[in-house]
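Just need the whole structure built from these sequences, with the hints factored in.
Protein chains: 2
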Amino acid sequence: MTPARPATLREVAEAAGVSPSTVSLVVNKKKDARISAETRRRVRDAIRDLGYRPNALAKTLVSGSSRFIGLVADAIATTPFAGQIIHGAQDEAWKHGYALLIANTEGNSDLEKDAITMMLEHKVRGILYSTWFHRVTEIPEALREADFVLVNCFAAEDGVRAVVPDEAQGGREATELLIRAGHRRIAFINATIPAPAKDGRLAGYRAALDDGGLAFDPALVLEAYPDQEGGYDAVPALLALGATAVYCYNDRMAAGLYDGLRERGVSVPGDLSVVGFDNQEVIAAHVRPPLSTVALPHDELGAAGIRLLLGLDSPEESIVKVECPPVERASVAATDAAFTTPPDAAR
Amino acid sequence: MTPARPATLREVAEAAGVSPSTVSLVVNKKKDARISAETRRRVRDAIRDLGYRPNALAKTLVSGSSRFIGLVADAIATTPFAGQIIHGAQDEAWKHGYALLIANTEGNSDLEKDAITMMLEHKVRGILYSTWFHRVTEIPEALREADFVLVNCFAAEDGVRAVVPDEAQGGREATELLIRAGHRRIAFINATIPAPAKDGRLAGYRAALDDGGLAFDPALVLEAYPDQEGGYDAVPALLALGATAVYCYNDRMAAGLYDGLRERGVSVPGDLSVVGFDNQEVIAAHVRPPLSTVALPHDELGAAGIRLLLGLDSPEESIVKVECPPVERASVAATDAAFTTPPDAAR
Numbered sequence: 001m002t003p004a005r006p007a008t009l010r011e012v013a014e015a016a017g018v019s020p021s022t023v024s025l026v027v028n029k030k031k032d033a034r035i036s037a038e039t040r041r042r043v044r045d046a047i048r049d050l051g052y053r054p055n056a057l058a059k060t061l062v063s064g065s066s067r068f069i070g071l072v073a074d075a076i077a078t079t080p081f082a083g084q085i086i087h088g089a090q091d092e093a094w095k096h097g098y099a100l101l102i103a104n105t106e107g108n109s110d111l112e113k114d115a116i117t118m119m120l121e122h123k124v125r126g127i128l129y130s131t132w133f134h135r136v137t138e139i140p141e142a143l144r145e146a147d148f149v150l151v152n153c154f155a156a157e158d159g160v161r162a163v164v165p166d167e168a169q170g171g172r173e174a175t176e177l178l179i180r181a182g183h184r185r186i187a188f189i190n191a192t193i194p195a196p197a198k199d200g201r202l203a204g205y206r207a208a209l210d211d212g213g214l215a216f217d218p219a220l221v222l223e224a225y226p227d228q229e230g231g232y233d234a235v236p237a238l239l240a241l242g243a244t245a246v247y248c249y250n251d252r253m254a255a256g257l258y259d260g261l262r263e264r265g266v267s268v269p270g271d272l273s274v275v276g277f278d279n280q281e282v283i284a285a286h287v288r289p290p291l292s293t294v295a296l297p298h299d300e301l302g303a304a305g306i307r308l309l310l311g312l313d314s315p316e317e318s319i320v321k322v323e324c325p326p327v328e329r330a331s332v333a334a335t336d337a338a339f340t341t342p343p344d345a346a347r
Numbered sequence: 001m002t003p004a005r006p007a008t009l010r011e012v013a014e015a016a017g018v019s020p021s022t023v024s025l026v027v028n029k030k031k032d033a034r035i036s037a038e039t040r041r042r043v044r045d046a047i048r049d050l051g052y053r054p055n056a057l058a059k060t061l062v063s064g065s066s067r068f069i070g071l072v073a074d075a076i077a078t079t080p081f082a083g084q085i086i087h088g089a090q091d092e093a094w095k096h097g098y099a100l101l102i103a104n105t106e107g108n109s110d111l112e113k114d115a116i117t118m119m120l121e122h123k124v125r126g127i128l129y130s131t132w133f134h135r136v137t138e139i140p141e142a143l144r145e146a147d148f149v150l151v152n153c154f155a156a157e158d159g160v161r162a163v164v165p166d167e168a169q170g171g172r173e174a175t176e177l178l179i180r181a182g183h184r185r186i187a188f189i190n191a192t193i194p195a196p197a198k199d200g201r202l203a204g205y206r207a208a209l210d211d212g213g214l215a216f217d218p219a220l221v222l223e224a225y226p227d228q229e230g231g232y233d234a235v236p237a238l239l240a241l242g243a244t245a246v247y248c249y250n251d252r253m254a255a256g257l258y259d260g261l262r263e264r265g266v267s268v269p270g271d272l273s274v275v276g277f278d279n280q281e282v283i284a285a286h287v288r289p290p291l292s293t294v295a296l297p298h299d300e301l302g303a304a305g306i307r308l309l310l311g312l313d314s315p316e317e318s319i320v321k322v323e324c325p326p327v328e329r330a331s332v333a334a335t336d337a338a339f340t341t342p343p344d345a346a347r
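First to last, the protein sequences are chains H and B. The first sequence begins at 1 in full-length UniProt numbering and counts up one residue at a time. The second sequence begins at 1 in full-length UniProt numbering and counts up one residue at a time.
There are no misleading hints in this set.
Derived DSSO-like pairs (lysine-lysine); straight-line CA-CA distance at most 30 Å: (1) K113/B - K95/H; (2) K321/H - K95/H; (3) K123/H - K95/B; (4) K95/B - K113/H; (5) K321/H - K113/H; (6) K321/B - K198/B; (7) K123/H - K113/B; (8) K113/H - K123/H; (9) K321/H - K198/H; (10) K95/B - K321/B; (11) K321/H - K123/H; (12) K321/B - K113/B.
Simulated from the structure, these hints should not be mistaken for laboratory data. Every value quoted in this text rests on a predicted model; they were computed, and no experiment measured them.
Here it is, written out as structure tokens:
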């Protein structure tokens with residue numbers, strides 16, 4: 001498919017019988033230019049007939065910055081989370097007349113530097129720098145040349161704008177789903193990997209217990225690798241605790257836990273209520289029973305990043321925390337049974 | 001973070017004691033311009049000292065097309081597949097000095113038109129138009145103004161360049177994993193939804209049976225909705241067939257099938273061997289047992305799209321089919337048992 005060559009400004013001018021600079025004035029909507037209504041009409045007709053497209057790049061050169069916002073992501077291909085950040089950022093950017101220039105670095109720092117340089121050369125309005133899991137990050141030197149906002153990560157130094165999920169609030173909501181259903185002995189399987197999510201989700205669990213008048217018992221907190229295999233392997237230790245409910249660090253862990261429980265004849269939620277974290281696409285709504293969980297608001301992280309960058313939001317704190325809303329499905333059952341003994345399957 | 005204002009061409013010229021046009025000639029590496037080595041050195045020093053970045057947009061205006069390639073995707077946020085196409089396309093584009101301008105349309109045709117228009121205004125070298133599932137597509141009118149390649153979709157009309165997965169070859173390889181393990185009575189759970197994947201994967205199944213000297217039995221082909229729920233619900237009908245192996249239309253279906261089989265005490269692969277399709281992230285490697293499957297090569301679809309667009313590949317056919325490689329894990333066991341009776345669990 002060879003495209004038709006686009007019409008030039010000069011061709012429009014010839015068709016309308018005016019000078020190229022007159023066409024330029026009409027295109028750029030210079031209201032104060034002395035051009036008659038009749039001339040404007042002829043130019044517009046010629047533009048339509050020839051399919052002329054004004055050149056966005058020329059406008060950028062004049063204004064000194066483009067209608068682009070850069071977005072650097074470190075793992076577009078390997079997690080669904082980057083896609084959701086992009087989605088949220090793009091929707092918000094478009095609302096304000098900006099397009100996203102997206103670069104995927106897969107964690108390669110050379111590629112990252114090249115991507116940021118390319119964005120600077122294209123005079124982006126600013127850059128969102130995002131990571132697929134919530135963590136502290138170094139700020140690449142090239143990034144400091146731009147107006148930037150960190151998304152799903154934050155800097156160790158003060159005053160750097162960032163948007164992150166509110167892990168503690170999410171962990172609190174997850175635990176409250178279980179407390180409200182009457183559970184009193186609630187286990188938490190945390191991740192083995194140090195991360196803001198690990199600390200925040202535990203803090204939320206403790207805060208919810210506290211509010212519910214339940215004592216925190218460190219013996220009820222297990223740790224496992226945050227994927228299906230980790231959840232599966234944690235089943236024997238979990239069942240030994242005699243809890244009636246468990247809150248898992250993430251949905252993948254809960255999915256593996258489901259498999260291990262099913263093999264031992266432990267029914268969810270009949271024998272054990274389960275809550276996850278992430279509301280991960282393709283998993284949470286599709287395991288059996290569908291998993292009650294807390295959503296990581298990746299879309300909103302992206303959108304909030306754009307609003308911060310464009311100065312539409314001006315929060316007092318440089319790090320903005322976005323709420324993780326609970327998503328109730330079918331893995332939590334009401335119970336009156338406090339402190340049940342472990343099912344036989346536990347041993 | 002307010003960025004330092006970038007240095008201008010004029011400031012570089014002043015620092016080097018030359019005219020702006022001399023700086024421009026040095027930056028744009030005009031070899032034939034008569035500029036002394038000493039002057040070139042002074043300009044380069046000033047560029048380095050001031051951190052001046054040549055303006056990529058100005059170069060684009062001169063050359064008439066940019067170093068951008070547009071990529072339109074219809075579902076970045078809701079599937080991991082778009083991310084893999086982006087990854088493959090970006091890696092290949094960067095190799096050849098192009099950056100991707102990505103737009104996510106989530107299937108909204110107004111947004112799609114705006115995205116393509118924006119790309120045209122930015123003088124992209126061409127556009128990859130991609131869909132998250134393999135299907136026939138209309139060609140948006142705006143897209144015809146660009147040099148374009150369809151990725152993971154194709155047009156009904158002749159001669160439109162496209163890159164799609166080779167569904168039939170993939171279905172053949174999936175079935176062959178089972179035939180090679182000695183299975184003779186192999187069920188196939190196809191999708192209920194009409195699609196090239198449905199036809200192609202069935203054709204591959206038939207071709208593999210044919211090659212293996214096994215008769216095609218339409219009774220062994222079931223249909224289910226292509227997600228976990230569909231696979232789960234298909235279990236009773238599947239077990240009634242007395243097959244020793246089953247090839248599922250996709251991995252999500254296989255994951256749901258696993259749940260239903262586990263509830264009935266049917267062991268995978270001991271009682272039944274299972275093969276999926278997609279090699280879907282977060283699922284295939286992490287179900288129990290890990291699923292043998294066939295990979296949908298989304299990375300390679302993106303990369304091949306770029307090569308077609310840039311004329312680096314010049315295949316004879318306008319539609320290029322990319323191989324779906326088998327990925328062997330632990331869900332297939334060797335069997336000598338041909339034509340076993342269904343396990344008790346089936347009834």
